[in-house]
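Q: Protein chains in written order, with this note's numbering: chain E, 1 to 324; chain H, 1 to 334.
Quick caveat, the hints were computed from the structure, so don't treat them as lab data.
C-beta atoms are modelled at their ideal positions from N, C-alpha and C, and glycine is treated no differently.
Hints may be right or wrong, so weigh each one.
As the list claims (entries may be wrong) - Listed below are several chain E residues computed to face chain H (Cβ distance under 8 Å; list not exhaustive):
(1) ILE122
(2) ALA125
(3) LEU129
(4) LEU131
(5) GLY153
(6) PRO155
(7) TYR187
(8) ARG188
(9) ILE190
(10) ASN191
(11) PHE301
Unchecked claim - Derived coverage of chain H by chain E (criterion: at least 3 residues anywhere in the stretch with Cβ under 8 Å from a Cβ of chain E; other residues may be distant):
(12) 102-110
(13) 115-127
(14) 164-175
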Amino acid sequence: MAASSTVIQSPSGARGFNTELKVFGGMAALLIVLPLTGLVYPYFIMQALCFALFACAFNLLIGYVGLLSFGHAVFLGTAGYVSAHAARVWGLAPELAILLAVMAALGLGLAIGLLAIRRQGIYFAMTTLALSQMMYFVYLQAPFTHGEDGIQGVPQARLLGLIDLSKPLILYYSVLAIFLLAFLLIYRAINSPFGEILKAIRENEPRAISLGYKTDRYKLVAFVLSAGLAGLAGAVKVIVAQNASLTDVHWAMSGEVVLMTLVGGLGTIFGPVVGAFIITAMQQYLAGWGQWVQVAQGVIFVACVLAFRRGIVGEIAARLKIPL
Amino acid sequence: MWGKRLNFRVWIRGAALTRRFLAETTPSLALRERAAHQPSLPMFAINTSALFGQLLVGLINGSFYALLSLGLAVIFGLLNIINFAHGALFMMGAFCAYFLLNLAGVGYWGALVLTPVIVGAFGIFLERTMLHRLANLDHLYGLLLTFGLALIIQGLFQNYFGSSGLPYAIPPELTGAQNLGFMFLPNYRAWVVVLSAIVCFATWFAIEKTSLGALLRAATENPALVRAFGVNVPRMITLAYGFGVGLAGLAGVLAAPINQVRPLMGADLIIVVFAVVVIGGMGSILGSIVTGFALGVIEGLTKYIYPEASNTVVFVVMALVLMVKPAGLFGRAS
């Protein structure tokens, strides 16, 4: 086990690491400056950042373990409800509400993961979708979620007792800090010995088993980690938007995160971020067009699958021959 | 533009149909009200007419689960993809019957024959233009493509018809009900259950007992070998997709007079059908039929015993089956 990192060569060598670091630096700098330019509404970037984190968490599964979870919205929505309830009804501080929400997402991830990893491929996707739909019906009927109305008026209190989240710019930089830290955590996980084993499972699971790895355990850990990060995204999103609703648990949201990742590039590190910004922007600007947004999303899905499977970042990376 | 004009005509016609629909269903509403005014029964007493009523509803839902999961199983066998557009195509079947009636004057019986052909032809078009390009890729791409198609189809119908339902009347030959002594059995509902069972059985027979079915099963196991025998496997795959989708269209026509014709009528149903497929496993045709009917009945029973859980019971059963028999009740371990 300990020798795994030397046995399996990392595909991204020192050069890849440097490029990725530069791109990460560029992304962070851009996101720090962006709200100060006044070109983009900070609320929009915060929303996009939450979706970006959600998509990165999802990409950890599909891109690096090869597991398509079609019910990932359940973690986003569950954490959203927990953090909204904790902050509004119990009056917990934001950091505690977020922590509690992430714990809830981790627990739910463990329960769903234990069931879902018993099946592979398409069955895995259908199982996760079905279990998330079950939770949707639970939340639809549970009294604390307030059904169709959702939990409104979630307070933006002081983070750690110091940082006043009700000020837009302070809220923005707090969200950005959480996003960048979570992004680095995912990056670290992917490039660790653990991440190499995940990639080995993606490439050839029977072979990984024959090498002595208990692949089910690795898949479960990856699933729980992904669920927890999706929960973090959901908890932060609720504090930004100040409400938690059924939309975040619905299967359409699970479909959206698949689309974001697909557009950006499955299995690329920066792809989900790019995809999340594109899809969020599309929804923002096409908001008045009713169901045409859904049609447009469907068309993008079809176009990506038929002609553009590497996604935007994947395509750029292939052209420039660098890992991204 | 034509959409708006159509909407208006539909609206006028819809109002008339709604009135007729209400007139037909009013007696049952009155019955239900009378039941509500009866002194409440103790928990353990069995209200037979309510129990059998829910079982019948369960059997109807089971018919749709069976028809849809059977179509999914046929498609999965040959194309190795899960057809996410199945719910949208089911909805198209219901709309097709509605259009045939309101634009072409073709009634229920004509729609019952024509709709599966039309929806099946649309499915063949989808397979020829898009799905067959994914044959050599990871099967998950098929799921993503058909998910995109479902979004497009449902989005388009929602744009033109909103989210509310359009009425479709029960054919005059099948209105009314039989008094079975312990309950009233509406003729149309009996017809849906019987016809679905016949279609499912015929499909099972064609696949498991005929020479054409033998070729189909062989192509499922080893397409390259079957091609070497001179069989046109790509055409077989196309036709299988058309057939599976045609079954969804047929289910749509059957559902039109029961549920109203709505753009989202298939969207939530398909997820339950996925759970049914996970429970049964797609290894066997008979398995998917039996599982479909059985889960409908279980759902109906739950509606009687503990209505709050009726939406979730299929998923709970799925979780239990995954714990005990991960390959599904009729599936082969792989």
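Q: Checking each numbered hint in turn, tell me which of them this model violates, lowest number first.
A: Hint check: 5, 6, 7, 8, 9, 10, 12, 13, 14 fail, others pass.
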